[in-house]
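These protein sequences, in sequence, are chains A and B. Per my numbering, numbering of the first sequence is gapless, rising by one per residue and ending at 615. Per my numbering, numbering of the second sequence is gapless, rising by one per residue and ending at 615.
No lab work stands behind these hints: they were computed from the structure. Not one of these hints is a red herring.
Copies of the same chain look alike in the list, so a pair counts if it works inside one copy or between any two.
Here are the computed lysine to any residue pairs in the SDA-like style, where the Cα-Cα straight-line distance is at most 20 Å:
1. K454 / A434
2. K454 / Q519
3. K275 / A344
4. K315 / L204
5. K368 / E378
Bear in mind that the values here come from a model prediction, so they are computed numbers and not experimental data.
Protein chains: 2
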Amino acid sequence: MTPPLAIDGKRLLQRLDDFARIGATPAGGVNRQALSAEDRASRRLLAELALARGFRVFQDPMANLFIRREGRFPEKPPFVIGSHLDSQPTGGRFDGALGTLSAFEVMESFEDAGIKTDLPLEVVAWTNEEGSRFAPGTMGSMAFAAAKIPDAWSELRGHDGAPFVEELKTTLEALPEAEMRPLGFPISGYIELHIEQAPTLERENIPIGIVQGIQGTRWLEVTMTGQAAHAGTTALAFRRDPMAAAVAALEPLFKQVMPGDPRARFTVGRFAVEPGSVNAIPGSVTFTIDLRHPETTVIDALEGRIRHACERAASAAGCQSALKQIFDMPPAIFSKDLLACLDRAAASLGLETRPMLSGAFHDALFVNRVAPAVMIFVPCRDGLSHNEAEYVEPEQSITGARMLLAATMEAMASGD
Amino acid sequence: MTPPLAIDGKRLLQRLDDFARIGATPAGGVNRQALSAEDRASRRLLAELALARGFRVFQDPMANLFIRREGRFPEKPPFVIGSHLDSQPTGGRFDGALGTLSAFEVMESFEDAGIKTDLPLEVVAWTNEEGSRFAPGTMGSMAFAAAKIPDAWSELRGHDGAPFVEELKTTLEALPEAEMRPLGFPISGYIELHIEQAPTLERENIPIGIVQGIQGTRWLEVTMTGQAAHAGTTALAFRRDPMAAAVAALEPLFKQVMPGDPRARFTVGRFAVEPGSVNAIPGSVTFTIDLRHPETTVIDALEGRIRHACERAASAAGCQSALKQIFDMPPAIFSKDLLACLDRAAASLGLETRPMLSGAFHDALFVNRVAPAVMIFVPCRDGLSHNEAEYVEPEQSITGARMLLAATMEAMASGD
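So that you can see chain A by itself, here it is in the shape it has in the complex:
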């Protein structure tokens, strides 16, 4: 007498509460930064839950944590579902945890219902998605997709001064129950459930977002150099003012880039002035532009336009402009087959969905480079994330897990 295949909503909500206690902050959020004691405690809890159900537990050299439920064909690449367990320093309870614990709930549902699958099913918790203690973010999935830990990371230190290599080693050693496996083994597909981190689903009152891809991100740093001079004694004709040039370059960009293309994102997040005295015309200004779009060709075109605007404005002010890329992440287009599975799964559940793009990075971006991948979004209140006030209605969390279960069944049934 096995129960029918279904999400146990009460169990899922209880798990969310249990994990939210690890690194809980007074304001109701969590501080469970990558490779910290709190991160280790959450990994231990998940591993113990898995071992208690008879699942095998693995970790790779990046401390990516895998839980495996065997399939009829153990030699076939597993189908993988999951997310991450680390958080921002003042993060929320759902970012990462919802996807990881929903994936584990899906695995338990299969187990509860005694369902055999052809493919092995694995739940993953990727290491350091957030990148707030050790930069960059998505280190675990990045190294997994490259099947290699970049050499540069051996020198890495956290913002708290902790050496990355030592914290990684301590984390690995803290879970001796886990079997070691190499980085970057073959997988047959990947589905990640995550909160939207933006307000679209909530505003449109749609429970499920079907994520078609992740927009590309390019970070530019522009330095404009002029001549520092006395604010009082220097007439306009003698000024070479990079602040005036920066403002002249940015004004039309703010006015045109995003209003001209609703899929574009244009953000100036840093702006530094030298020497930075009230009564000194700056000698130089340096600012960053975070540029995003689903199409690389558009990002390239926007970069050209920005470069041109900066050079022209600088030249008009007697200044120089230098622009460099400091980060470039091409867009990800998710698997058509898996998107079709998601559509079928939603139809089978009678759930309204919305196709959408992710504005933020996710581990799925890197997994998508080595296997078919896709993401499911659920709404979060006010679109708020990276914030202790982050909140998802219990019913929405359960709906997300139901969607993940149905999608996983569709994918594993249709898969190789």
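Knowing the structure of chain A, use the given hints to seat chain B on it.
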């Protein structure tokens, strides 16, 4: 057999060299910050030169240093000439020193020629004109004009942590030869010779600038507040971006304020962004505006225009704008009578002159509040000042001192 009344150019240049050795920097400038050991050494040297010539030396509670050559009517307010001896940390040899040592040269010229004057003549070296170690600048003349040391200064510390009160006391005690006198005694007039600190005289090849006044300066601080949000996930409709608002407000101001009025100065010298992450829409930006004009009514009108532009741009971006004055120095209009003396003096010497306004503050600004005051400018190379490369041609220094001598004679002859 007394020599004729004339500047001893060789002596003046030697003095400039002697004082430039006190706090000399390897790059050829001086570091003689207010109330430092170097400042004290320069005050001691000037006092010793004065005492050696039989002049009396005084200091007031602000350590303003006065050298007095007695007149026929000792009870009458003295006529005062001078400038300051302190420098920027990487300052030049002429800023302040040229005016102070030329004034002493004028006094020695009178003494050499055995000329009796009705009024006592005094040379002054004001304390802390630069304001680089202890802010604000022009502390000595400010307190002199107010006949009071502001209470707030008792808590003041230098950028090196030194308590102002203790450094002032040590400086006063380091010159026990000086007689103490109260702050803010009556004076009959004031002439200050200074380098232009801008390139106008040099470019027009005119040896003497006759300074009609000092433009007013007002410092504004604008804070625009929006909503910090994720650069990737936040669509334009959901943005409240204070960076976009600041750029929209500043662009027309840069384009209109100075081009529209050649006497206006508009400088954005500081610009801070919170939280200052590449991938975060700022929650707030704060910038300063240094606004200068010879007419207070125009400064008022410009402030109104800036406030309006900021509020309108902030409102259009869903942000708030708050503007406050953080400093306000009304314009100074120098004495018509002393300006006429300067014109006559230049005519008597056959010197070409140019009427001009000072863009920078000077001690004359405060002295002008309690007595007729005026300034003489000489050219400096490339208009460069507050810089170790600051340079004045020897001939131009001597011409400046000759002009100061002639102007002082005119003023003391025409005076009460």
